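S.K.: One-letter residues, chain by chain:
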Amino acid sequence: MSDIVESLQPRFEGLEPRPSADHPSVQCPVKFLLPLIECLRDEFDYSMLMDVTAVDWDKESPRFSTVYHLFSIANCRYIRVVTNCEDDENPSVPSISALFPAADWHERETFDMFGIRFEGHPDLRRILMWDEYPYHPLRKEFPLAGIETELPDAEVAEETDAKMLAAPMMGGPFVSKGGEPMSKSEPRAADESWTEWKKKPSLEKE
Amino acid sequence: METETSQVGYNSKVEGDVIVTRVDAVINWVRKNSVWPMPMGLACCAIELMGVAASRFDISRFGMEVMRFSPRQSDCMIVAGTVTYKMAPVVRRIYDQMADPKWVVAMGACASTGGMYRSYATMQGVDRIIPVDVYVSGCPPRPEALLDAMMKLQSKIEKEPSFKNLGKETVERRTWA
Amino acid sequence: MAETKEISIGDVGARANTYQDELQGEDMAINVGPSHPTTHGVLRLLMHLDGDVITKCDPILGYLHRGDEKIAENMTYNQFVPYTDRLDYIAPLANNVTYALAVEKLAGLEVPPRCAAIRVLVTEMARLSSHLLGIGVYGMDAGAWTPFMYTFTEREKLYSLFEELTGARFTTSYTRIGGVSRDVPDGWLKKVTDFCDQFLPILEETQKLLTRNRIFMDRTEGIGVITKKDALAYGITGPNLRAAGVDLDLRKDRPYLGYEQYDFDVPIGTTGDCYDRYLVRLEEMRQSVRIIRQVIKSFPDGAWYAEDAKKIFAPRKGKVMTSMEELIQNFMIVTEGPRMPAGEVYFEAENPKGILGFFLVSKGGGVPYRMKIRAPSFCNLSILSKIVPGHYLSDITVLLGSLDFVMGECDR
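Protein chains in written order, with numbering that gives the first Met the number 0: chain A, 0 to 205; chain B, 0 to 176; chain C, 0 to 411.
Bound-form chain A, shown alone (with noise of 0.2 Å):
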């Protein structure tokens, strides 16, 4: 497994070894991205790009990762390529489309979710989301339920005064967060049970 890393690190340096549960994952860093997917293309025969995404660490810096999924057919084999985006705020990385055109989509959904930029990618644009859509949907500050903008086409919204509105939410997603107690963690508790932080509201009040 992580003899293929090791193979690759006198080539490329700066090339670690990443913890994974199953595949061998590198760590590179962004300038040697392009050559060594070109090296695991043509030498270690990864005949298929698999998956193309991105992971937004939130406090921690770098706060942007791509990570790329390389199969080879002929070896049944997977590797984990995870490239740190340099830029926190306007992150971006090059693109492998040249290399495998199945990146093309995968890239433009990337950015669509995430804001990084691929230098190099023919037609950046977004996919998921109509073009002039502000946010970018899975960063972490992006709520949940949504920001309040205005639907994508502007007759049909005069027509029916409609807004893309933040969906309503209730109080869930109901699942706790651990290590806090459960009238703080569970939303529904904060709602309804009395407990020494929240006392029931007196009867003579009215």
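Warning: the hint list may mix true and false statements.
[Claimed, not checked] For lysine-lysine, the following DSS-like pairs were computed, each having C-alpha atoms within a straight-line distance of at most 27 Å:
{"#": "1", "chain 1": "A", "residue 1": "K176", "chain 2": "C", "residue 2": "K316"}
{"#": "2", "chain 1": "C", "residue 1": "K227", "chain 2": "A", "residue 2": "K139"}
{"#": "3", "chain 1": "C", "residue 1": "K362", "chain 2": "A", "residue 2": "K58"}
These are computed hints drawn from the structure, not numbers from a lab. Note that this is a predicted model, so its numbers are computed, not measured.
We have chain A; now place chains B and C onto it with these hints.
M.R.: Okay, now just chains B and C, sitting in the frame of chain A:
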């Protein structure tokens, strides 16, 4: 002969081969028995809609198997599936292109209220953008539930005045919480 | 006396020739969808046409983007199972199984053999259901209504079986992390065997309507050819890839759930056109029936969930109501989620539409930190801008039908 709705008065001794009824009753009878749906099949409910049109839960019994995908030729838009904000203007445009009289059935939880997708991209109910006549609950609703909804729609059509708003432009303004 | 006048008309063919040089048309931009009967869901195609021939095709997705990946960051692992149903909503059980396997890989959990057999059985039945719909709707797109009716009748029989097993016709939410939600009911396996026995003759009857049908063959042969190189470059998987001639089936190449003990063939196509994709799907159905028969014959006894995974699979209700430890575990699993170790995992499985992959990043706890769903239909559709130009507008229906994609998983 008195039917349940007392819309037909028929006494063979008096009228012979003629039935006397109200115009509304005849027109509504014709309309309700040949509702041509426009399937706005967006997601999983569309598969149940196709199942309703197939042979086990035959929607043809009700005269509704003519699923015209053209809005100009259909009567009822069955919104089957999640309406996202990107798709909502398209749904509205197609609704606008339908000719009067038209009805809308919001099939499934996603079309009625957004369903289990309480997220940034899902419109919380198609009734935020078009007026809905019948809501069907279920995720997805069983085909029998959809047929029940179409029957409710039929009984709603039966009671409507058939020449409402003729020649007037109705301006629909919705307010919601 | 009538006067005769001589008029010269000339050769009609020659006139057409001169016109062809003089005609200068512009490209016509046409918009197909998103609400269109042949787009199999909400897919929009912006195309430029030169006469009747397409010169450029730009698919626009996202009309069914519901925010699944963001939702996943706020749901426990078990709470997300219903969302996986609605990814590929034609074969929901296959997605349930793939998701459960991905999370179990993160936990390092192996399910017992009976649970693995149930999951294989259910995945293959979902594959039957998906290919039946694929072929039925494909025939309908090409103009044949009868195969649609036949295949939907078979699917209704499958739905009855699913309903008896899981409680729901098709959005089943059957698997849990560490097992399945309930065991196989008595007599159900016999019903599945009966279904398989009567299914193959009906499949033969259905395919007789299409396979050697002159019209169908004319419409599908030579259309939408995907070469091996293109298929690999664009990340196509599943029957589309196998029809192009690449032998990749994760059930054989990287077996999971005990697929290595079952004996089945993988059909590989030769030309990679629409007709080949149809034939591959047809043959895959027969192989699925073979697998189902073998699973039932060798169906193991034992536990249908991972009994030793105390912090992951909720204990039986009898114990929960009487024993303190089980009560606490049940409470923690339901409110906070099954406790997963921190780490990253990427698991792929062979779904009916292609290879479905889940990339999970966990920082511990019961809720994933990041979940990426690698949807087969998303990757399969990316080849449209390459193969569509050069075809006629009327070939679009056949092409889209042959790719057999689902917008639910494409847009997530």
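S.K.: Check the hint pairing A:K176 with C:K316 against an upper bound of 27 Å on the C-alpha distance.
M.R.: holds (24 Å)
S.K.: Compare the distance between the alpha carbons of C:K362 and A:K58 with 27 Å, and conclude whether the hinted pair is satisfied.
M.R.: holds (14 Å)
S.K.: Taken at face value, is the distance from the CA of A:K139 to the CA of C:K227 at most 27 Å?
M.R.: The hint is violated at about 40 Å.
Of the numbered hints listed earlier, the single one contradicted by the structure is hint 2.
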